[in-house]
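Visitor: Each chain is listed here by its residues.
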Amino acid sequence: NAGVTQTPKFQVLKTGQSMTLQCAQDMNHEYMSWYRQDPGMGLRLIHYSVGAGITDQGEVPNGYNVSRSTTEDFPLRLLSAAPSQTSVYFCASSPALRTGAGNTIYFGEGSWLTVV
Amino acid sequence: DAKTTQPNSMESNEEEPVHLPCNHSTISGTDYIHWYRQLPSQGPEYVIHGLTSNVNNRMASLAIAEDRKSSTLILHRATLRDAAVYYCILRELNSGYALNFGKGTSLLVTP
Chain H
1 NAGVTQTPKF QVLKTGQSMT LQCAQDMNHE YMSWYRQDPG MGLRLIHYSV
51 GAGITDQGEV PNGYNVSRST TEDFPLRLLS AAPSQTSVYF CASSPALRTG
101 AGNTIYFGEG SWLTVV
Chain B
1 DAKTTQPNSM ESNEEEPVHL PCNHSTISGT DYIHWYRQLP SQGPEYVIHG
51 LTSNVNNRMA SLAIAEDRKS STLILHRATL RDAAVYYCIL RELNSGYALN
101 FGKGTSLLVT P
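From first to last, the protein sequence lines are chains H and B. This note's numbering puts the first sequence at residues 1 to 116. This note's numbering puts the second sequence at residues 1 to 111.
Next comes chain B alone, as it looks inside the complex:
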């Protein structure tokens, strides 16, 4: 299964943009790139996903490299409520039931 690599932790000031990187050099052509986040003492929640093109939604933007070997989750203005562990996950049609969450990136947001 294709794996992802993320920094263990990142820190940001409130109201500043945050760029969370993810490397997935062994990604296959049918893998979707998903991002989930987990707030303290809660279950993971969906943030955004994409296949090839950059994606925007109300929570974040996802920038996907042209070769798809890396992606970046962008929080445009970090708030204290964005402090969470962010997971970059690859999901594909044939084996996407066994999601590999890894340890994710723990984002600290300071006022």
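Chain H on its own, in the form it takes in the complex:
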């Protein structure tokens, strides 16, 4: 059981380049989300999904796109990277809230992104 897997772990981008951060989970969780964490700060929600084909914006969605074609995968796309997107990105998954707000949320190990 691999849990939540993120790739790549480290990436350096030039301003204006595009890239996709991959996230996969093998726990059949309905809920998946992406957070970013800037130095010395807590995590902020970018986008989330409550099931295949359903996505919604979080607190800081600008500059990011997501899609959820399968239950397992939830990629995060940066269409035109900016230095302000330099951050650590975490993917998370959990069972649906309707099954209980006490459900554990599982996080990936993070993807360190630097935009120069």
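If you're looking for bench data, these hints aren't it; they were derived computationally from the structure. Take these hints with a grain of salt, some might be off.
[Stated by the list, open to error] Taking CB as the label site, the calculated pair distances span:
hint	chain 1	residue 1	chain 2	residue 2	range
1	B	Asn13	H	Pro75	41 to 47 Å
2	B	Pro111	H	Ser18	43 to 49 Å
3	H	Phe10	B	Ser25	39 to 45 Å
4	B	Asn23	H	Gly40	18 to 24 Å
5	B	Glu45	H	Leu79	44 to 50 Å
6	B	Glu45	H	Asp38	29 to 35 Å
7	B	Ser9	H	Gln57	29 to 35 Å
8	H	Pro39	B	Asn13	26 to 32 Å
9	B	Arg58	H	Glu109	17 to 23 Å
10	B	Ser9	H	Pro75	32 to 38 Å
11	B	Arg58	H	Asn28	44 to 50 Å
12	H	Ser69	B	Asn23	28 to 34 Å
13	H	Asn65	B	Arg58	37 to 43 Å
14	B	Leu108	H	Met27	32 to 38 Å
No residue lacks a Cβ here, since even glycine has one placed at the ideal position from N, Cα and C.
Given chain H, work out where chain B should sit, using these hints.
Guide: Here is chain B on its own, set in the frame of chain H:
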């Protein structure tokens, strides 16, 4: 959304108990209290959660005030591996997807 307030940092000696406080005075009746911790350069990991009653697991204990406006995460014997940022988060059925992590409490454990 209900918010939580935690001290920015705390310090403990190794093998001593640690009590990490969290205030959540605007908590609603359906909010679950979750605690997560984040070790350096890692993603957050689940520690414990509760609704009304005190909870124990292999990692920690959670003591919830009778009025639920505050809670305390208890590490019974701190180890160096417990040095991390601890987040107290409220999660409820209707809006629990947007978790408010805040800045958490940075716990320093000294030998």
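Visitor: Now look at each hint and say whether the structure bears it out.
Guide: Going down the list of hints, with the structure as the test:
1. For the hinted restraint 41 to 47 Å between Asn13/B and Pro75/H, the CB-CB distance of approximately 45 Å keeps it satisfied.
2. In this structure the hint that Pro111/B and Ser18/H lie 43 to 49 Å apart at CB holds, the actual value being about 47 Å.
3. Our hint of 39 to 45 Å for Phe10/H and Ser25/B holds, since their Cβ atoms are close to 41 Å apart.
4. Remark: the range hint 18 to 24 Å for Asn23/B to Gly40/H is upheld by a beta-carbon distance near 21 Å.
5. In this structure, Glu45/B and Leu79/H break the distance hint of 44 to 50 Å, their C-beta atoms being roughly 31 Å apart.
6. Range check, Glu45/B to Asp38/H: Cβ separation about 20 Å, and the 29 to 35 Å hint is violated.
7. For the pair Ser9/B and Gln57/H, the supplied restraint of 29 to 35 Å holds, since their beta-carbon distance comes to about 32 Å.
8. For Pro39/H and Asn13/B, the Cβ-Cβ distance of about 28 Å falls inside the hinted range of 26 to 32 Å, so the restraint holds.
9. The given range of 17 to 23 Å is respected by Arg58/B and Glu109/H, whose C-beta atoms sit roughly 22 Å from each other.
10. For Ser9/B and Pro75/H, the hinted distance range of 32 to 38 Å is satisfied, since their beta carbons lie about 36 Å from each other.
11. For the hinted restraint 44 to 50 Å between Arg58/B and Asn28/H, the CB-CB distance of approximately 25 Å leaves it violated.
12. For the pair Ser69/H and Asn23/B, the beta carbons lie near 42 Å from each other, so the given range of 28 to 34 Å is not met.
13. Remark: the range hint 37 to 43 Å for Asn65/H to Arg58/B is upheld by a beta-carbon distance near 40 Å.
14. In this structure the supplied range 32 to 38 Å holds for Leu108/B paired with Met27/H, their Cβ-Cβ distance being about 33 Å.
Hint check: violations occur at hints 5, 6, 11, 12; the rest are consistent with the structure.
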